[in-house]
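Whenever a hint applies, use it, and build me the whole structure from the sequences.
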Amino acid sequence: MFYFVKTPWLLKKLYPGCVWKINTREKILYLTFDDGPHPEVTPFVLDELKKYKAFATFFCIGNNVKKYPGHYQDIIEDGHRIANHTFDHLNGWKTADNFYLENIAKAAKIIDSNLFRPPYGKITKFQLEALKGNRFNLRTIMWSVLSGDFDEKLSEENCYLNVINNSGPGSIIVFHDSQKAFTRLRYALPRILEYFSGAGYQFKLIPL
Numbered sequence: 175m176f177y178f179v180k181t182p183w184l185l186k187k188l189y190p191g192c193v194w195k196i197n198t199r200e201k202i203l204y205l206t207f208d209d210g211p212h213p214e215v216t217p218f219v220l221d222e223l224k225k226y227k228a229f230a231t232f233f234c235i236g237n238n239v240k241k242y243p244g245h246y247q248d249i250i251e252d253g254h255r256i257a258n259h260t261f262d263h264l265n266g267w268k269t270a271d272n273f274y275l276e277n278i279a280k281a282a283k284i285i286d287s288n289l290f291r292p293p294y295g296k297i298t299k300f301q302l303e304a305l306k307g308n309r310f311n312l313r314t315i316m317w318s319v320l321s322g323d324f325d326e327k328l329s330e331e332n333c334y335l336n337v338i339n340n341s342g343p344g345s346i347i348v349f350h351d352s353q354k355a356f357t358r359l360r361y362a363l364p365r366i367l368e369y370f371s372g373a374g375y376q377f378k379l380i381p382l
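If you read the sequence shown in this note's numbering, its first letter stands for residue 175, the second for the next number, and so on.
Think of the hints as simulated: they come from the structure by calculation, not from any bench.
Be careful, since some hints might not be right.
[What the hints assert, rightly or not] Have a look at the derived ranges for each label pair, beta carbon to beta carbon:
no.	residue 1	residue 2	range
1	Asp271	Glu330	36 to 42 Å
2	Gly244	Arg199	38 to 44 Å
3	Gly342	Asn308	34 to 40 Å
4	Asn339	Arg199	18 to 24 Å
5	Thr198	Ile284	27 to 33 Å
6	Asn308	Glu330	28 to 34 Å
7	Asn311	Trp183	24 to 30 Å
8	Leu382	Gly342	18 to 24 Å
9	Gly374	Asp271	31 to 37 Å
10	Pro217	Trp267	41 to 47 Å
Even glycine gets a Cβ: it sits at the ideal position worked out from N, Cα and C.
In structure tokens:
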């Protein structure tokens, strides 16, 4: 499985309308969690964040919100931000434009947010432009750093090091509150929160 841990400048240039990083010199990181809510993993994440008074943005799959509305509500009640990640975790490159956009609209009926992240980071320029229009009015949020927690061949320690070695002020960091990622997330997240908190960082919500 190939992926960039730290997003290269060329990829950012291909999608200039997306948010890849928050411009700041302050010691602020932006944790994001994709693919939830999940009945086991999401409560773990919320408990760990609470220990450090850390806030995060959760890019939720509409179908999972429908399945686990209580856990979705817990995210909101804990002061975190929710965002749209399609209803069925669709790959924009492999999905007809109209179907893809309707799937996002379906998720928007239960996820009240102006933030969106395409699953796999794969979206066409046509889809991206459509999301900026009046019908959707969505800001597409990408990332600076991939933890790699979704990679079942990645060690727990290397998942942790991916984030430690590549993050700095304004970084948008991707984790997943999913069963597939849980082994690596369970190891890395508490240590990352401890490391960066000790270095004077705060964890804030992605701005609307």
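Quick rundown of the hints versus the structure:
Look at Asp271 against Glu330: about 39 Å separates their beta carbons, and that is inside 36 to 42 Å. For the pair Gly244 and Arg199, the beta carbons lie near 39 Å from each other, so the given range of 38 to 44 Å is met. Range check, Gly342 to Asn308: about 36 Å between beta-carbon atoms, so the 34 to 40 Å window is met. For the pair Asn339 and Arg199, the beta carbons lie near 20 Å from each other, so the given range of 18 to 24 Å is met.
Look at Thr198 against Ile284: about 32 Å separates their beta carbons, and that is inside 27 to 33 Å. Separation of Asn308 from Glu330 is about 45 Å and departs from the stated range, judged on CB atoms against 28 to 34 Å. Distance hint check for Asn311 and Trp183: the Cβ-Cβ separation is about 28 Å, which falls inside the suggested range of 24 to 30 Å. The given range of 18 to 24 Å is respected by Leu382 and Gly342, whose C-beta atoms sit roughly 23 Å from each other.
The given range of 31 to 37 Å is broken by Gly374 and Asp271, whose C-beta atoms sit roughly 45 Å from each other. Range check, Pro217 to Trp267: Cβ separation about 33 Å, and the 41 to 47 Å hint is violated.
Hints 6, 9, 10 from the list above are not met by this structure, while the remaining hints are.
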